[in-house]
Amino acid sequence: DTGVSQNPRHKITKRGQNVTFRCDPISEHNRLYWYRQTLGQGPEFLTYFQNEAQLEKSRLLSDRFSAERPKGSFSTLEIQRTEQGDSAMYLCASSPDGYSYEQYFGPGTRLTVT
Amino acid sequence: SQKIEQNSEALNIQEGKTATLTCNYTNYSPAYLQWYRQDPGRGPVFLLLIRENEKEKRKERLKVTFDTTLKQSLFHITASQPADSATYLCALVTSGTYKYIFGTGTRLKVLA
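These protein sequences, in sequence, are chains V and U.
Its first residue numbered 1, the first sequence is counted upward by one per residue in our numbering.
Its first residue numbered 1001, the second sequence is counted upward by one per residue in our numbering.
Okay, chain U solo, but in the shape it has when bound (with noise of 0.2 Å):
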């Protein structure tokens, strides 16, 4: 069966480290993986693209594998802030549609 999943466990990291997180799918053929923020209440925020044909992306702090032989995306905020605690869900879209299909998302605190 097809599924994507993220660690459902909350990640707790102190100021400055780097925060990383995973996105595991099966049965998929994403052309292009995203990741979103999403705060309390409200609806989600996007932050990077990755197609299939590239290896890695860096905005600012941020950066996105994508490994399509091991069939993971992993995300790194680096010098982790407390205003970056959120819940970071993963989006992919397979090739031929134009429908995204999401994770169930990693809520992350950072501890000041």
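Bound-form chain V, shown alone (with noise of 0.2 Å):
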């Protein structure tokens, strides 16, 4: 399967602990996003990176999240001192270069802070 894969599927988690999802891009892909979506509504653009470098980030986004991509292929995302609000799906996809083409997602990472 060449898709976009995310690990792990689903992570529970207590209030106040760190958690860390990683994505693995399409291969050939250079952009990768990640978003969050809650329950009812359309995913939530969080980040996206061109190769290794972020080029762009919610201001939603708080300082208690942080994401890399290294080596340009796969990316991981962080949550420090997970709050109950941080509960979502998280979302991962990849597109090659270029405005016009579609976004593959992958599976997503389901979070539950109790």
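Read the hints as simulated data drawn from the structure, not as lab findings.
Glycine included, every Cβ here is placed at the ideal spot set by N, Cα and C.
One thing to keep in mind: the hints can contain errors.
[Stated by the list, open to error] A few chain U residues that face chain V, going by a derived Cβ cut-off under 7 Å, partial list only:
#	residue
1	1040
2	1043
3	1046
4	1089
5	1099
6	1102
7	1103
8	1105
Put the two chains together into one complex, using the hints given.
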């Protein structure tokens, strides 16, 4: 399977703990995106990378969130000191260069903060 | 303020009919508008893209229109089938950015 993969698929954590999610994009895709989605809402943009460079980050993203894409391949999203409001589906997507290409989404990581 | 609005209520239609979903936006100048399908517990899947200088795009049973004057896109599924039941999301990309902004989605249910 050469699609976008995300791990873990589900994560349950206690408030105050740190969590890290991983995304492996389609290998030839240069752009990688992270989104957060809550029930009944569309995906909310968090950040995106062009190769290893993080080019834009949502102003809604607190400093507890950090993302990396160290070699321009896989990416990690870390949430420090989790809060119950962080409970959501975290989606990763990749796309080739250019505006006109579609995004390919992974299955998501569902985070539950208790 | 900037907004992307889709019908928040679910749309129920009979099998074989045409489903029409709307996406309205304010205070954006999109270069591209896309439509995605999302099934429960899964990531969105790309369906169609339309550029700001295009009026209409078709793909099999799907048709998208884009009216930059009305600031609206319509998404049509003709000869709808129960398998078309899903949530449909519109997303726009504005000039000068690679950021995709998604609407809230419309849940479509096609009744057999």
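*Classify the hint on residue 1102 of chain U as holds or violated, based on whether any CB of chain V lies nearer than 7 Å to its CB.*
With a minimum Cβ separation of about 3 Å from chain V (threshold 7 Å), the hint on residue 1102 of chain U holds.
*Once the shortest beta carbon distance from residue 1040 of chain U to chain V is found, is it less than 7 Å?*
10 Å, violated
*Using 7 Å as the Cβ threshold, decide whether residue 1103 of chain U counts as touching chain V.*
5 Å, holds
*Hint status (Cβ of residue 1105 of chain U to nearest Cβ of chain V, threshold 7 Å)*: 5 Å, holds
*Does the interface hint hold: is residue 1046 of chain U within less than 7 Å of chain V, judged Cβ to Cβ?*
3 Å, holds
*Taking the least C-beta to C-beta distance, is residue 1043 of chain U closer than 7 Å to chain V?*
Check passed: Cβ of residue 1043 of chain U comes within 3 Å of chain V, closer than 7 Å.
_Hint status (Cβ of residue 1089 of chain U to nearest Cβ of chain V, threshold 7 Å)_ = Hint on residue 1089 of chain U: holds, closest Cβ of chain V at ~5 Å, below 7 Å.
_Satisfaction of the residue 1099 of chain U interface hint, Cβ to chain V closer than 7 Å_ = 5 Å, holds
Comparing the model with each earlier hint shows a violation of hint 1 alone; every other hint is respected.
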